[in-house]
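First to last, the protein sequences are chains B and Z. If you're matching positions, the first sequence starts at 0 in numbering that gives the first Met the number 0 and goes up one per residue. If you're matching positions, the second sequence starts at 0 in numbering that gives the first Met the number 0 and goes up one per residue.
Everything labelled a hint here was simulated from the structure, so no lab data went into it. Built from N, CA and C at the ideal position, the CB exists for glycine as well. Treat the hints with caution; some may be incorrect.
Said to hold, decoys possible - What the simulated footprint calls covered on chain Z by chain B, stretch by stretch (three residues with Cβ under 8 angstroms from a Cβ of chain B suffice, anywhere in the stretch; the number is not a length): (1) 93-104; (2) 118-128; (3) 274-288; (4) 310-320.
Claimed, not checked - Each pair of labels, with its calculated beta carbon distance range: (5) B:Ala-189 x Z:Asn-77: 27 to 33 angstroms; (6) B:Leu-98 x Z:Tyr-237: 27 to 33 angstroms; (7) B:Ala-262 x Z:Asn-149: 46 to 52 angstroms; (8) Z:Val-136 x B:Trp-255: 26 to 32 angstroms; (9) B:Ala-102 x Z:Val-87: 50 to 56 angstroms; (10) Z:Ser-148 x B:Ile-258: 26 to 32 angstroms; (11) B:Ile-258 x Z:Thr-108: 54 to 60 angstroms; (12) Z:Leu-20 x B:Trp-193: 45 to 51 angstroms; (13) Z:Tyr-237 x B:Trp-113: 40 to 46 angstroms.
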Amino acid sequence: MRTSTRAQGRRPALPAALTALWRIPSARVALLVLAGIAFLAVFGEALAPHDPIKQYTDEVLQGPSAAHLLGTDYVGRDVLSRLMAGTRLSVLGAVEAVLIGAALGVPTGLASVWLGPRLEWISLRISDTLVILPFTVFAIAVAGTLGNGLQQAMIAVGVLISPTFYRITRSVALGLRKAQYVEAAELMGATEWWTLRTHIWSKVLPNVAVTSAQATGSALLVVASLSFLGLGVTPPAPTWGGMLSADLGYLAQQPWAPIFPVALMMATVGSLNLLADAIRDVTGAAPRRRRRRRRGISHVPAPRKEQHDVVPV
Amino acid sequence: MSLTATAATGWGAVRGRGERLARVRGWAVSLRGVVLVTATVLFLASLITFALGALSDSNPAAAVLGETATEEDIARMNHEFGLDRPLVVQYLSWVGNALTGDLGRSWFTTIPVTDSIRTALPVDLSIAALALLLALVIGGSAGIGAALSNGGILDRGVTLVCSLLGTLPPFVMGMGLIVLFSVKLQLLPAGGYVALEQDPVQWLRFAILPSFALSLDVASSIARQLRTSLVGELHQNYAIGAEMRGFRRRRVLFGHVLRNAAGPTLAVIGLAIPLVIGGAVVTEKLFALPGIAQLSLDAAEKGDVPVVLGTLLVTAVIVVAASLVVNILQNLLNPAARRSDGVARAARGGAR
Chain B
0 MRTSTRAQGR RPALPAALTA LWRIPSARVA LLVLAGIAFL AVFGEALAPH DPIKQYTDEV
60 LQGPSAAHLL GTDYVGRDVL SRLMAGTRLS VLGAVEAVLI GAALGVPTGL ASVWLGPRLE
120 WISLRISDTL VILPFTVFAI AVAGTLGNGL QQAMIAVGVL ISPTFYRITR SVALGLRKAQ
180 YVEAAELMGA TEWWTLRTHI WSKVLPNVAV TSAQATGSAL LVVASLSFLG LGVTPPAPTW
240 GGMLSADLGY LAQQPWAPIF PVALMMATVG SLNLLADAIR DVTGAAPRRR RRRRRGISHV
300 PAPRKEQHDV VPV
Chain Z
0 MSLTATAATG WGAVRGRGER LARVRGWAVS LRGVVLVTAT VLFLASLITF ALGALSDSNP
60 AAAVLGETAT EEDIARMNHE FGLDRPLVVQ YLSWVGNALT GDLGRSWFTT IPVTDSIRTA
120 LPVDLSIAAL ALLLALVIGG SAGIGAALSN GGILDRGVTL VCSLLGTLPP FVMGMGLIVL
180 FSVKLQLLPA GGYVALEQDP VQWLRFAILP SFALSLDVAS SIARQLRTSL VGELHQNYAI
240 GAEMRGFRRR RVLFGHVLRN AAGPTLAVIG LAIPLVIGGA VVTEKLFALP GIAQLSLDAA
300 EKGDVPVVLG TLLVTAVIVV AASLVVNILQ NLLNPAARRS DGVARAARGG AR
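Here chain B stands alone, though its shape is the one from the complex:
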């Protein structure tokens, strides 16, 4: 708890938060795995033992061997190389979608608390509407009208992710607005902008971090689903989802082939989930699921905790 209060100072110090994270074993594993994935995303294509789109036509659907460590696919492309080179597109897509979602959701979530009931109502309805649109159906519609490309797909996913950010930002800000020290600051003449920057933002940020980690995980799965449907990335370029889609036709010959992309995906998404939990533990961000939901109380952090988190300057 000592570390958590340190990380929660007036100006959230990133190194302190990272140190605190590093002390949690599960977070350490997660960070290492994610660092590995990031490394693959940057250097994967350069380090791949074979050209990821070169077709070794006489070595189609091979099992693992010395030449092809993870075997070859249905046109004889090296699976290991495709996995390594495909990391970039698979991960970048998800990260881009989450950035778009956060850029749309966080400011509107903050604004909804301050801009009066009418705009608040409208923004809530927009969020409700985006929540009901299924990712895949919406992405197909976007591909059909605006063209099938990575950018369009990512914008579609980002827009549909934004309510998650909107809601978490909004609920934290809503709870803090009534907190005594915020009211006190306003009574003493602080402008809304100043309170926002000084008191609200440092509490919203950990929640946004937790949500980002989780959302990146789910975006990764959505992106995989989309490339499975043939949306986003066009076929010869390797992605994990696209590899799974190609494996589908050859399950009878190579039932074990999906294991490799799936294992990478599980490692990445699992690490992101572990990281989200760890950030929550370290920073005291509001837990996502509370038993009290059924009573219709929105996810406002308990006031006792808020005040506990504040470090007197």
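Add chain Z to chain B, keeping to what the hints say.
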């Protein structure tokens, strides 16, 4: 937020003569809320859908004739499909027609979009319904089992399986099922479809694998939520009291606690409906089912805008309707939620 304020006052304050009147008024107010919220959400959904079409730079002539389309062709076909009118007029006529069940015609085949959707939709709906049923059974029993063995092997096993399932794309389990049941055991077909009304037994043979694959995601959310709420409720005074009076834990759970714990679980199901419908699209492709996904993917590839917009709109309406049903159920089940804001909340799809 007004919701929180109303929730805090509660029913308890309303008693005696005014009770019935207040209840009727509460229902009226909440009904107005439902209608307003649902209408707004549907309006916004239609607006988003239409905006996609309006932002699209494809037009029927270019889509059908390709590069050979001349200026006259484009103008003629735009006129034919009413695309030369102002956007507001186009939107109003599109929505007006949609309300009467007419979503326009495909640019390619000129088949009415409603007809194509009507033939494709039952596939997804029957799969999704079976998946929800399976999810309730699987997730429900896993959640109850985990709560009963709180901290035991079963509990840890369920938690582990649930978190592993959460890290997988939804279609991977489907691939695993194909390998196991179609390739190895050769018990069930790996793809294809027979309509439910044609032959229910054959339908089940084709539908069981896709539905099972689709249900796992929701089942794990249900199991997780049910376990959490059950464990929480079992620590409430009334449950401990009942246990102390000598009732078995099992009896307390099924007789008292389950009903209270079901509320949040229903909320989870409400939130999962877009996931089920969206997952149905992927599952459909995985098992080569002739449903909405095939229809809209084909249309998207060709740039057949009316079909694409029609499917999106119909999907949105289905999700809204399903969420409404789930949340009205939740309302009926949980008297505490039957406050003036209960149904209004329901309309927003159990929004947090």
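Q: Any hints from earlier that this structure breaks? Give me their numbers in increasing order, please.
A: When the structure is compared with the hints, numbers 1, 2, 5, 6, 7, 9, 11 turn out to be violated.
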